[in-house]
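Participant: Produce the complete structure using the sequences and hints provided.
Each chain is listed here by its residues.
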Amino acid sequence: MENFPFLSVLTLTPLVGAVIVALLPVSAAKDAKGRNRADEAAKWVALVISLLVFVGTMLMFFAFDKNGDRFQFTEDYTWIPSFGTEFAFGVDGIALVMLALIALLVPIVILASWHDGVGGKRSVKTFFALMLALETCMIGVFAVTDVLLFYVFFEAMLVPMYFLIASYGGPRRQYAAVKFFLYSLVGGLFMLAAVIGVYVVSTDQLGDGTFSFEQLTQLDIDPTTQRWLFLGFFIAFAIKAPLVPFHTWLPDAGGQAPIGAAVLLVGVLDKVGTYGMLRYCLPLFPDAAVYFAPWIVGISVAGIIYGALLAIGQSDMKRLVAYTSIAHFGFIALGVFAFTSQAGTGAVLYMVNHGLSTGALFLVVGFLINRRKSSQVADFGGAGKVVPWIAGAFLIAGLSSLALPGTNSFVSEFLVLVGSFATNKAATVIATIGIVFAALYILWLYQRTMQGKLNPEMPKMRDISLRESVVIAPVLVLIVAMGFYPKPVIDVITPAVNFTMNDIDKKDPAPEARDEARSSEEQGDEAKSGAQK
Amino acid sequence: MTPTYYLVLAAALFTIGAMGVLVRRNAIVVFMCIELMLNAVNLTLVTFSRINGTLDGQIMAFFVMVVAAAEVVIGLAIIMAIFRSRRSASVDDANLLKY
Amino acid sequence: MLSLLWLIIALPLAGAAVLLLAGAPPLRRLGADKWGHYLGSATVGVSFLLAVGAFFALKDRSDRHYEDQLWSFIPVGDLQVDIGLLFDPLSAVFVLLITGVGFLIHVYSIGYMADDPGRRRFFGYLNLFVAAMLVLVLGNNFVSLYAGWEGVGLASYLLIAFWYDRPSAATAAKKAFIMNRVGDVGLAIAIFVLFAQLGTITYDGVFSNVDDLSSVTITVVALLLLLGACGKSGQFPLQAWLPDAMAGPTPVSALIHAATMVTAGVYLIARANPIFSASETAQLVVCIIGAITLMIGCIIGCAKDDMKQVLAYSTVSQIGYMFLAVGLGGPAYALGIAHLLAHGFFKAGLFLGAGSVMHGMKDQGDIRRFGGLAKYMPITAVTFGLGYLAIIGLPPLSGFFTKDPIIEHAFDRPGWTGWVFGGAALLGAGLTAFYMTRLMVLVFFGKKRWTDDIKHPHESPAVMWWPMVVLAVGSVSAGYLFYRGDALSDWLAPVLGEPHEAATHKIEPGVLTATVIGVVVVAALFAAALFWRGTALQEQPVRSPFVIAARRNLYADAFNEAVLEKPGLWLTRILVYFDSRGIDGMVNGLAATVGGTSSRLRRLQTGFVRSYALTMLFGAVAVVAALVAAGWR
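Here the protein sequences come in this chain order: A, B and C. Residue numbers for the first sequence, in this note's numbering: 1 to 533. Residue numbers for the second sequence, in this note's numbering: 1 to 99. Residue numbers for the third sequence, in this note's numbering: 1 to 633.
What the hints contain is simulated information worked out from the structure, not anything from laboratory work. Given the structure is predicted, the values throughout are model-derived calculations rather than measurements. Be careful, since some hints might not be right.
If you only want the chain C side, here are some residues facing chain B, beta carbon under 10 Å, derived [as the list claims (entries may be wrong)]:
| id | residue |
| --- | --- |
| 1 | G365 |
| 2 | R369 |
| 3 | Q605 |
| 4 | T606 |
| 5 | G607 |
| 6 | F608 |
| 7 | V609 |
| 8 | R610 |
| 9 | L614 |
| 10 | L617 |
So the derived label-pair ranges between C-beta atoms look like this [unchecked claim]:
| id | chain 1 | residue 1 | chain 2 | residue 2 | range |
| --- | --- | --- | --- | --- | --- |
| 11 | C | K34 | A | P25 | 52 to 60 Å |
| 12 | C | S168 | A | I430 | 53 to 61 Å |
| 13 | C | E67 | A | I430 | 34 to 42 Å |
Below are the DSSO-like pairs computed for lysine-lysine, each with C-alpha atoms no more than 27 Å apart in a straight line [what the hints assert, rightly or not]:
| id | chain 1 | residue 1 | chain 2 | residue 2 |
| --- | --- | --- | --- | --- |
| 14 | C | K455 | C | K375 |
| 15 | A | K373 | A | K460 |
| 16 | C | K447 | C | K375 |
| 17 | A | K460 | A | K66 |
| 18 | A | K385 | C | K34 |
| 19 | A | K507 | A | K66 |
| 20 | C | K362 | C | K455 |
| 21 | A | K506 | A | K425 |
| 22 | A | K453 | C | K566 |
| 23 | A | K487 | A | K66 |
| 24 | C | K362 | A | K453 |
| 25 | C | K375 | A | K385 |
Every residue, glycine too, gets a C-beta built ideally from N, C-alpha and C.
Facilitator: Pasting the structure below:
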């Protein structure tokens, strides 16, 4: 089992699936229920492929040895030997949990988008082919251990997502898609420059230039160069994540994207930013990371409060959820740059949990939009009476978003805050105040849409359908299950985070009071022994 | 052998061609002028080849001729197509591809 | 028996899960609407029996301390958070109170909610609340406490907004949750400080190492814990949510907003007594907040006309007494817990009585519209009356035995603060007697002042009145049990320290007791004389700014609205504008600049082939000229 080339197979399977879906013949034939046969076939192929990937990922997840090497399931294939770059795959605990998240979310998203393209002018099968192509890029970006290959996947992700937004999105989809694409591309250019910079440095130090992550971490780059290269990577990741003030593309893209793409955009694509900070910025440029940490913690905390306040002020549900994510990304970045094992583990866990909780929120919002044909908060009101089960799902997703104990997000938010308190007291205190705002935006949204008097303008809406239950149930179950028993996931993440902490040469601070007490005791002992002499 | 006469002739041909391209409107004439410029270059190439006693220039000239032949085929076809649709062979009329 | 402790929590939790999921379409044919309320009551009932068993098992243990690690919750590096249970005298009394009173209120709700289509959901939420509250008191570390703390907040939110189509209920629920969250921030930061300082968050680990902490840290931690306690217990300055929470069904008010959840703050301070006892400042602040809140509650209680609002403010004020007690520290910790237990009985009974009255009066709550009900609802009147006598503190009912010693200890506090706190407590006792008598008289005695649509007010069914009877018996007897030989103080000694009598009293106990009883009786008689004639139908004339202020909740809501809500709303609006015009404006401006520049540059593309050719020529000439100029040969 351990020798099966999981990562390359998992990366390629959706791509093959995408090609199959794209090559399916177009026909106008209808089946008994009046559905287009070709479209139905495309959907089922996409779903089956994504489920295969899910099964494969789960097998890999359980075959992963959490106490083993840093990178497991490693594979190397030649690509461009003269540049010292190769198809190098390998995952640590951080990437592994992200792969599990992707593999889980994609089938759910495909099922949730089942009827999205039907009846529209756009091709249904292209939609699902793009979804699968996106999955390949997403898996690739987390599964590689070669910096150049990472960059390639990092940019390639944009393409399917661009078409998903620009072809299948809301009324302002063109604007949103172009903004998303250009913003990310600008970030990517900074990163490309830094990637080349790292290569040049490695040529100087090792003789032969390399892009291999593990070899690059061995480099000893001088601090000034580190700072510039760090900034190159960091700007790309800060745009991707997005951190304030690089965030304005997200509400537009998240608000205009079709719901399935929005889930993947906010749930997974944006995580590449925070993942990159932890997996690339920190180990490659440890000194620079420490140097810039106070600033980044500053903008993270600003983002927590700023994103939350803006979420309160939104009148569109999808934009609101997008702004809550900006606040959550602030928490994740705070955890990454706190440099303690608790905060780091919390940040990674937060990435997974945020994918689940925001994914659930987007899905439920999508259910509502499908029924009401509007994403404006003001168009709802008292809907809980009409669609109680959707309201229930909404509430659970919302409670997870506000990090209530018993839901998954509590564990990660607690870890981030408790871990970063040791190193950044003031920032953590301000960030903690953010949880009040979180309660405010979620509960106010819930009140305006689900509670109160029934809005007379709402059409007759039917409650959750069987397909929608199948979509949302696994996410909600995971939200609760990981709220009560997060240990299996934490155990996978913590060793990988500890490797990273070693890379930047940081240790968890010892308890302060105990430390002082111990040192004063020791001093007392010395004084005694001195007296004896 | 002095190359001066050949080179002066080539330069003169090239200049005539260039001026023709710049001042004439008829696409066919412009086309002819381009051919003139190419042949001026060919003459130069062959001249230097002869002076240096290597074949490089002559081979190059053959390449130019082959490319010019291909160019004639495509260029004339385009001119024909334009003439059919616009009833004019003036290059100034074919100005759709602008800002 | 103690090894079954986890079942006490698991049963109501399972009940909640079953009840809430049983409404799903595939499960609907199970008919949970028909048996759900029995299941909900049964889980809590069995939990109570288990708790009684565990109580006796604990009594047999010499150290009266039982811990059980269930599973590892958050293990990262030094931070090892386990889900663990701690059963000691303090949690034992809480578990008994929660499951006991909880069971009675579940039973009562079977009748009270009989006509509500959402009864199954209601019982699901109630079970969820009981489970969360048990997690709060049974946890052996601060994270479990926090989890239960927010869990009860959620249950409270769900239950206040149970009739979620009423805008006032939805708003009240949101207000409750958010004001609670403000307190939770304090609790959370306290946990962070403890972990950063001590590297542990278990009760054992923290309390045995309090000496290692610097005095500033202790005070900071204590004040942060106090912030959490204030939020949950509706104490000044976070008291405004509790009266609004009465928008929920009455059994909810009885269970959550009177007997159990709102007393969690007192539990927290009592549980963290090693921290509070180590900081003079923190104790003083607890006392001040207790005293202020008890006065606020009394003053507003006198001015309210809604039956549940009066009771809500009396809850605020009674919890103020408890805070005062635990703030005094030492032997008064046990007094605070004693008053909490007694209050759990009589206030739950009073609320259930109020529910019974409203049930019979078509859900009206305005006490000016009642009167003379004693004749029509004898059982309610008697049980309510016993609760009333208990709360105003007349001997030999429970309130007397718990409140009188608190007043005594408040006076005994050294220095002038003793006089202030003692005076406030004494004045509060008088005011309590006044407004509770007003409530009692206006509802049950005097002339009928009913609205026209009510012809025959009726007594509630047995399933509703027998819990009231049990609670009434409890409120009569409970205090006396505590009083007998300091049974409760002795029982709690392993947690709160050995009780010891103060050497000297500022005021002789006998004299003080007589004074308290005198004040209470005079205030009660005054109120009775004032309201017996039943002239209350007319709005009482506004005599002074003081009365206006009391009617408007001492401007707490107005303050919140003017200082927090309005500016907050404006801030979000300004930020939204800033975000779309400022930050996004910069992004779009950059895009527009690039676009504008290129649209000017594209003018060069004229479409005239010959002009391109000229450009090329100039370019070629320029290159050649440059090469020549550079000395190329």
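Participant: Work down the list of hints and note, for each, if the structure agrees.
Facilitator: The hints, checked one at a time:
1. The beta carbon of G365/C comes no nearer than 76 Å to any beta carbon in chain B, farther than 10 Å, and the hint placing it at the interface is violated.
2. The interface hint given for R369/C is broken, as the beta carbon of that residue sits about 81 Å from the closest beta carbon of chain B, more than 10 Å.
3. The beta carbon of Q605/C comes within 5 Å of a beta carbon in chain B, closer than 10 Å, and the hint placing it at the interface holds.
4. The restraint placing T606/C at the interface with chain B holds, with a minimum CB-CB distance near 6 Å, inside the 10 Å limit.
5. Taking 10 Å as the C-beta contact cut-off toward chain B, the hint placing G607/C at the interface holds, the least distance being around 3 Å.
6. Checking F608/C against chain B: minimum C-beta separation of about 6 Å stays under 10 Å; hint holds.
7. A hinted interface residue such as V609/C counts as satisfied when its beta carbon comes closer than 10 Å to some beta carbon of chain B; here the least separation is about 5 Å, so the hint holds.
8. The closest approach between the C-beta of R610/C and any C-beta of chain B is roughly 6 Å, which is under the 10 Å cut-off, so the hint is satisfied.
9. The beta carbon of L614/C is positioned within 10 Å of a beta carbon in chain B (closest approach about 6 Å), and the interface hint is therefore held.
10. Below 10 Å, beta-carbon pairs count as interface contacts, and L617/C has one with chain B at about 6 Å; its hint therefore holds.
11. Between K34/C and P25/A the Cβ separation comes to about 55 Å, which falls inside the hinted range of 52 to 60 Å.
12. Remark: the range hint 53 to 61 Å for S168/C to I430/A is contradicted by a beta-carbon distance near 33 Å.
13. Checking the proposed 34 to 42 Å range against E67/C and I430/A shows it holds: the Cβ atoms sit about 36 Å from each other.
14. Using a Cα cut-off of 27 Å, the hinted pair K455/C and K375/C holds, with the two alpha carbons roughly 14 Å apart.
15. Distance restraint check for K373/A and K460/A: the Cα-Cα separation of roughly 12 Å lies within the 27 Å cut-off, and the hinted pair is therefore satisfied.
16. At roughly 11 Å between alpha-carbon atoms, K447/C and K375/C fall within 27 Å of each other, so this suggested pair holds.
17. For the hint linking K460/A to K66/A, the alpha-carbon distance of about 51 Å lies beyond 27 Å, and the restraint is violated.
18. Restraint check for K385/A and K34/C: the C-alpha separation of about 21 Å stays at or below 27 Å, so the hint holds.
19. A C-alpha spacing of about 20 Å is found between K507/A and K66/A, which places the hinted pair at or below 27 Å, so the restraint holds.
20. A distance of roughly 11 Å separates the Cα atoms of K362/C and K455/C; the hinted pair therefore holds under the 27 Å criterion.
21. Taken as a hint, the K506/A and K425/A pair is honoured in the structure, with Cα atoms around 17 Å apart against an allowance of 27 Å.
22. With a C-alpha separation of about 24 Å, the suggested pair K453/A and K566/C falls inside the 27 Å cut-off, and the hint holds.
23. At most 27 Å may separate the alpha-carbon atoms for a hinted pair to count; K487/A and K66/A meet this at roughly 12 Å.
24. The hinted pair formed by K362/C and K453/A meets the criterion: a straight-line CA distance of about 22 Å does not exceed 27 Å.
25. A hinted pair counts as satisfied when its Cα atoms are at most 27 Å apart, and K375/C with K385/A does not qualify at roughly 40 Å.
Hint violations for this structure: numbers 1, 2, 12, 17 and 25, all remaining hints satisfied.
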